[in-house]
Amino acid sequence: MFDSVSVATTFREELSKVGVIFCPISEAIREYPDLVRRYMGSVVPVSDNYFSALNCAVFTDGSFVYIPKGVRCPMELSTYFRINEQNTGQFERTLIIAEDSSYVSYLEGCTAPQRDENQLHAAVVELVTMDDAEIKYSTVQNWYPGDETGKGGIYNFVTKRGACRGDRSKISWTQVETGSAITWKYPSCVLSGKDSVGEFYSVAVTNGAQQADTGTKMIHLGQGSRSTIISKGISAGKSQNTYRGLVEMNKGAEGARNFTQCDSLLVGDQCGAHTVPYIVSRNPSAKIEHEATTSRISEDQLFYCLQRGMTEEDAVSLIVNGFCKEVMKELPMEFAVEAQKLIGISLEGSVG
Amino acid sequence: MALLEIKNLHARIGDTDILHGINLTINRGEVHAIMGPNGSGKSTLSYVLSGRNGYEITEGDILLDGESLLEMEADERARAGMFLAFQYPVELPGVGGMAFLRAAVNARLREQGEDEVDQLGFVKLVRAKATELGIKDDMLKRAVNVGFSGGEKKRYEILQMALLNPSIAILDETDSGLDVDALKIVSEGVNSQRGPEIGMVVITHYQRLLSHIVPDFVHILSAGKIIKTGDKSLALDVEENGYTDLMENANVA
Chain U
1 MFDSVSVATT FREELSKVGV IFCPISEAIR EYPDLVRRYM GSVVPVSDNY
51 FSALNCAVFT DGSFVYIPKG VRCPMELSTY FRINEQNTGQ FERTLIIAED
101 SSYVSYLEGC TAPQRDENQL HAAVVELVTM DDAEIKYSTV QNWYPGDETG
151 KGGIYNFVTK RGACRGDRSK ISWTQVETGS AITWKYPSCV LSGKDSVGEF
201 YSVAVTNGAQ QADTGTKMIH LGQGSRSTII SKGISAGKSQ NTYRGLVEMN
251 KGAEGARNFT QCDSLLVGDQ CGAHTVPYIV SRNPSAKIEH EATTSRISED
301 QLFYCLQRGM TEEDAVSLIV NGFCKEVMKE LPMEFAVEAQ KLIGISLEGS
351 VG
Chain X
353 MALLEIKNLH ARIGDTDILH GINLTINRGE VHAIMGPNGS GKSTLSYVLS
403 GRNGYEITEG DILLDGESLL EMEADERARA GMFLAFQYPV ELPGVGGMAF
453 LRAAVNARLR EQGEDEVDQL GFVKLVRAKA TELGIKDDML KRAVNVGFSG
503 GEKKRYEILQ MALLNPSIAI LDETDSGLDV DALKIVSEGV NSQRGPEIGM
553 VVITHYQRLL SHIVPDFVHI LSAGKIIKTG DKSLALDVEE NGYTDLMENA
603 NVA
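Protein sequences appear in the order of chains U and X.
FYI, the numbering for the first sequence is 1 to 352, going by our numbering.
FYI, the numbering for the second sequence is 353 to 605, going by our numbering.
The following block holds chain U by itself, in its conformation from the complex (with noise of 0.2 Å):
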């Protein structure tokens, strides 16, 4: 996808043997019309927020995947967005359904060559699952977070959202996001299915001048529904990073349950981290649990890596990807290893 325009879609005959549905959005408009009809626009309305308006006044294109009844999608799905041109915006859309007892991966990955302009990314992400269904959707987020003094960079504002409308439905976001000047993303999930289940896994790094507040909503409005929200913001050099979240338990969630871990790991002593955590409970049944910490890379953790002969470096990011493992492990292993070296590489020169 450059510049909202899709260049290519490899494996699209295999999958379209077992039904599913993978191909630019724009296509989907045409081809099938009825699908794109009855779900876009239903998770996240036009008027849902400022961004999500632009973004349905001038998207380009995006991607679109139906997962038919019954079908495990035999592959991960992936896209992967760039930002070429100058003094411009990406504004794409991605639409994901997910039919009765079905299930798909999908990885998105963002890259955007350095500007000295910032440039908006207003992205639209709408998830459905039905009955049994289950989408996993993973994203490493490395736009161009502008140079040490904050000039230039991506402007990350990003609508994602989830709807678990069958029972037993499950959504699962996680989240690895290095770059961009400034990110404001919560994807969430509405869990409107009966024993539906929602998971959000985030590491967020933050360094120079880059301001992150992301997290999640989880809107329990079936009964029986879970969520699971494991966060781990990592600061360094100027930066502020903040997380931010809602868990919403509504009358009809009956016997609801929410666990939240939110963990941040200051680097150096110039940066921030918040976190900012929205509790709302209307049904007495329903459990909702908060954990937080911060800390901090002791001198004595470097020293020690340091003096079995690791580069300072290194050992940053080692304990950095110690620090954010329960989150690595749920990316899918190609993912994994990528994402891992990106975090090194974004916290690059943020000690000593």
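Bear in mind the hints are in silico, worked out from the structure with no lab data behind them.
Please read these numbers as outputs of a predicted model, since none were measured by experiment.
Just to be clear, a hint being listed does not mean it is correct.
[Unchecked claim] To be clear about the criterion: a stretch of chain U counts as covered by chain X if any three or more of its residues have a C-beta under 8 Å from a C-beta of chain X, and this derived list gives those stretches: (1) 29 to 42; (2) 330 to 340.
[Unchecked claim] In silico negatives: residues of chain X with every beta carbon more than 10 Å from chain U: (3) L444; (4) L516; (5) D533; (6) D568.
Beta carbons are placed, not taken as given, at the ideal position from N, Cα and C, and that holds for glycine.
Here the structure of chain U is known, so what remains is to put chain X in place on it, guided by the hints.
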């Protein structure tokens, strides 16, 4: 050429002078014990040698294989062959034991211009060395030092030493927190690594470690200076009579 030469070493932390002119020469194949009461500068010496930040060397020099270490960072010294077995090994939450060991060994290999270890061969090597030290497989899978008992932590230090093949190993109070059985296993682990190529500095309060790891030389450190040097019988002397007599004699002299 001497392996490690410490020449008239003076060091301080902040405004406090801790080491007041230490002279010590260690040749390959030798084991030197450094004994001394609390606050005599034993741990400071181990940190100064290994290049920890926060210590200022005000006078003197440290030479490894004839090269001064003073301008080298801790990691460079480690790659040059310096190993410190920590008195209090540090916990690294989430960092897998195998990944940590491999990162350490690879850093050393890269320095020597050799290929990095392949994962499978490395796991085998670690397992073999671990078994010798009575380290269970399960411990290698856990995060580094997290939830280890005192004895496990010390064994893990010795395992790292075995994998890194240092030319000079400093064991900082390796006996602290060990029961009799653990002390025996750890000592055997250290002894199995003695040889003509390696020099060792064993820092301890007590003679009991030195009946397991028998030193060639014993030095008594007091108030940042070596006040007496002898053979292993000096350690027995200290055990019997304490440090007080030695310190008083030193003051008189």
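Cross-check of the supplied hints:
no.: 1; hint: 29 to 42; in the structure: violated (count 0)
no.: 2; hint: 330 to 340; in the structure: violated (count 0)
no.: 3; hint: L444; in the structure: violated, 6 Å
no.: 4; hint: L516; in the structure: violated, 7 Å
no.: 5; hint: D533; in the structure: holds, 26 Å
no.: 6; hint: D568; in the structure: holds, 25 Å
In this structure, the earlier hints numbered 1, 2, 3, 4 are contradicted, and the remaining ones agree with it.
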